[in-house]
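Engineer: Residue-level listing of the chains:
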Amino acid sequence: MNARFRILLPIASLAVLLAATFYMQPRAMSYFGLNLLFNLAVPIALATVAQMMIIMVNDIDLSVGTFVSFVACVTATYLNDAPLIGALILLAAIAGYAAIGALIELRQLPAIVVTLGMSFVWGGLAILILPSPGGTAPTWIRTIMTVKPPLVPMAIVASVLIAVIAHLLIMRTSSGALLRAVGGNARAVARSGWSLVRLKAAAYGLAGVFGAASGICLVGLTTSADANIALRYTLLSIAGVILGGGEFTGGRISPVGAVIGALTLALAGSFLSFMRLSPDWQIGAQGAILILVLSVRLLFARSNRKKGAAQ
Amino acid sequence: MSKAKFLSAVALVAATLPAAGFADTSDKRIALSNNYAGNSWRQAMLESWAKIGDQAVSDGVIAAADAFTTSENQATEQAAQIQNMILQGYDAIVINAASPTALNGAIAEACGAGITVVSFDGIVTEPCAWRIAVDFKEMGRQQVEYLAERIEDGGNLLEIRGLAGVFVDDEIHAGIAQGVEENDKFTIAGEVNGDWAQDVAQKAVAGILPSLPEIVGVVTQGGDGYGAAQAIKAAGRDTPIIVLGNRKDEMQWWAEQRDANGYETMSLSIAPGVSTLALWVAQQILDGAEVPKDLTVPFLTVTQDTLDEALESTPDGSVANVEYSLDDAKAVIAEAQ
Numbered sequence: 001m002n003a004r005f006r007i008l009l010p011i012a013s014l015a016v017l018l019a020a021t022f023y024m025q026p027r028a029m030s031y032f033g034l035n036l037l038f039n040l041a042v043p044i045a046l047a048t049v050a051q052m053m054i055i056m057v058n059d060i061d062l063s064v065g066t067f068v069s070f071v072a073c074v075t076a077t078y079l080n081d082a083p084l085i086g087a088l089i090l091l092a093a094i095a096g097y098a099a100i101g102a103l104i105e106l107r108q109l110p111a112i113v114v115t116l117g118m119s120f121v122w123g124g125l126a127i128l129i130l131p132s133p134g135g136t137a138p139t140w141i142r143t144i145m146t147v148k149p150p151l152v153p154m155a156i157v158a159s160v161l162i163a164v165i166a167h168l169l170i171m172r173t174s175s176g177a178l179l180r181a182v183g184g185n186a187r188a189v190a191r192s193g194w195s196l197v198r199l200k201a202a203a204y205g206l207a208g209v210f211g212a213a214s215g216i217c218l219v220g221l222t223t224s225a226d227a228n229i230a231l232r233y234t235l236l237s238i239a240g241v242i243l244g245g246g247e248f249t250g251g252r253i254s255p256v257g258a259v260i261g262a263l264t265l266a267l268a269g270s271f272l273s274f275m276r277l278s279p280d281w282q283i284g285a286q287g288a289i290l291i292l293v294l295s296v297r298l299l300f301a302r303s304n305r306k307k308g309a310a311q
Numbered sequence: 312m313s314k315a316k317f318l319s320a321v322a323l324v325a326a327t328l329p330a331a332g333f334a335d336t337s338d339k340r341i342a343l344s345n346n347y348a349g350n351s352w353r354q355a356m357l358e359s360w361a362k363i364g365d366q367a368v369s370d371g372v373i374a375a376a377d378a379f380t381t382s383e384n385q386a387t388e389q390a391a392q393i394q395n396m397i398l399q400g401y402d403a404i405v406i407n408a409a410s411p412t413a414l415n416g417a418i419a420e421a422c423g424a425g426i427t428v429v430s431f432d433g434i435v436t437e438p439c440a441w442r443i444a445v446d447f448k449e450m451g452r453q454q455v456e457y458l459a460e461r462i463e464d465g466g467n468l469l470e471i472r473g474l475a476g477v478f479v480d481d482e483i484h485a486g487i488a489q490g491v492e493e494n495d496k497f498t499i500a501g502e503v504n505g506d507w508a509q510d511v512a513q514k515a516v517a518g519i520l521p522s523l524p525e526i527v528g529v530v531t532q533g534g535d536g537y538g539a540a541q542a543i544k545a546a547g548r549d550t551p552i553i554v555l556g557n558r559k560d561e562m563q564w565w566a567e568q569r570d571a572n573g574y575e576t577m578s579l580s581i582a583p584g585v586s587t588l589a590l591w592v593a594q595q596i597l598d599g600a601e602v603p604k605d606l607t608v609p610f611l612t613v614t615q616d617t618l619d620e621a622l623e624s625t626p627d628g629s630v631a632n633v634e635y636s637l638d639d640a641k642a643v644i645a646e647a648q
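Same order as they appear, the protein sequences are chains Z and G.
If you use our numbering, the first sequence corresponds to residues 1 to 311, in order.
If you use our numbering, the second sequence corresponds to residues 312 to 648, in order.
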């Protein structure tokens, strides 16, 4: 499946789901409604882009959810009370993320194990910083997340912005191409003289940056934090990347697709809730939507391959 | 307060208050946002909501009382659920929250859209929402007070605590400590964590018993009384007064003991039907009544006299329940004013 085609399916799934949601709940078809539908998808989109950076280099990150929770706790406490210390903690955390990437490459460790271990570290740190739910969102992030731009609601503007930035960063720069190449053929990259340790550290560092942004945005929406606030993001972000046309291997990812994937997942939850589906069925139904999209993708891929063989 | 006493208080209040009712709520729609349904207490809570809500709808008091439970017990998901409810155009949202703080943004959105928000059990800190809270401290204090009435000479108590590090455990413990301070004829001779589970409590009590002097009473947090009784029986000791927590197995054991040797105790907990109290409070606010932002849930106390009745109405593996009426809600509101 070529890159241009890769993006069509996520867009189509989002459009179909959006049409169905508007049909079920016409009230959603407004400035106010769109914002309510999608504003909680903004931090999910950021976490998904973070996960995409890791999947891009053929690894998987099981600590995204706890990392975002940790950042949320820092944002609601230090970043609000002592902005300088808060910013330093966040920078240190991002550096920590990069260091983990370097360590994984240096010692040839399985990322799935290291990040699973790190998820407990981040979770523990979050509880240390905020033992009981609370804290206050800094005014500036609250202002940003509740801003009401003319014509298009904040949630949509933010999603487009995230998609464009991630796209330019990964698809349009030479370093972005290099990072994707690590996922595609790491050995070739190493043989042509690049340091894999540095590249992996860069990919993980980028994931840390987007993860931190996700936590900060989340607190801007919720107004305060909780050490368990974003645990779901780990699985949501992986699903978002795959739903958006990414693949687990080969550096084949799509930043725009990842953002659309995150929006689709968030919308799927609302759609099922509007359908008044019993919660017992909701997890299953969300899974069914995922499987449906993936099987459509598989069908496309197969017919493409057939076409390729015939030519 | 017993149900009978409670109702007489209601009657008194109803007689003294002018008839409240300023607006018509028959076209108002109320939604329940619930974060978890995985235990018997929550199941009973949802059943009570459905029963009373459907009744209110068919009586024409309100237009809808829909219950929604998130598929995972996560604050972000519940925030999204609340935002969906805003879109669905509900007039009031009743919440049992996954987090006291992480929903505040979504709740502020709801308030901004002119929606009445009432939280109960798992309450929220957002100032625009109403809170129906449980006074866990009082729950601990009342246990010691009851024992003080029953045991004139005082003596040693065994305290069974809940899950370490959880807010509820700290609160009940603080209440018990306060009760013991007020009644200095008692001393806490031992303290174990029963984790609100009969099997854990039984093991913990069996472990500490050999090191303890004679025990006259056991104060508990609910879900642990039956296990304690089994452990004490196995150690060959006389059964002290064990304060129970309204679980079916506890009440069954109590009834057996009562029939065999006239055993007397009391049992208290929060009824899952508190969801229906929240429903009526929301209805009252929509009705235009003046309601203070902080209300307190009355305890459901089972006494020697009401044991058979409670036992009969409680399904196996569940906890004693009571559904609240509109008048009960008015009484709770009046008490808080």
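Hints may be right or wrong, so weigh each one.
To be verified - Per label pair, the in silico range of CB-to-CB distance:
| no. | chain 1 | residue 1 | chain 2 | residue 2 | range |
| --- | --- | --- | --- | --- | --- |
| 1 | Z | Phe120 | G | Glu601 | 43 to 51 angstroms |
| 2 | G | Ala508 | Z | Trp140 | 41 to 49 angstroms |
| 3 | Z | Leu196 | G | Ala444 | 50 to 58 angstroms |
None of these hints come from the bench; they were simulated from the model.
Cβ atoms here follow ideal geometry from the backbone N, Cα and C, with glycine treated the same way.
Engineer: Okay, which hints does this one fail, numbers in order?
Structural biologist: No hint contradicted; all consistent.
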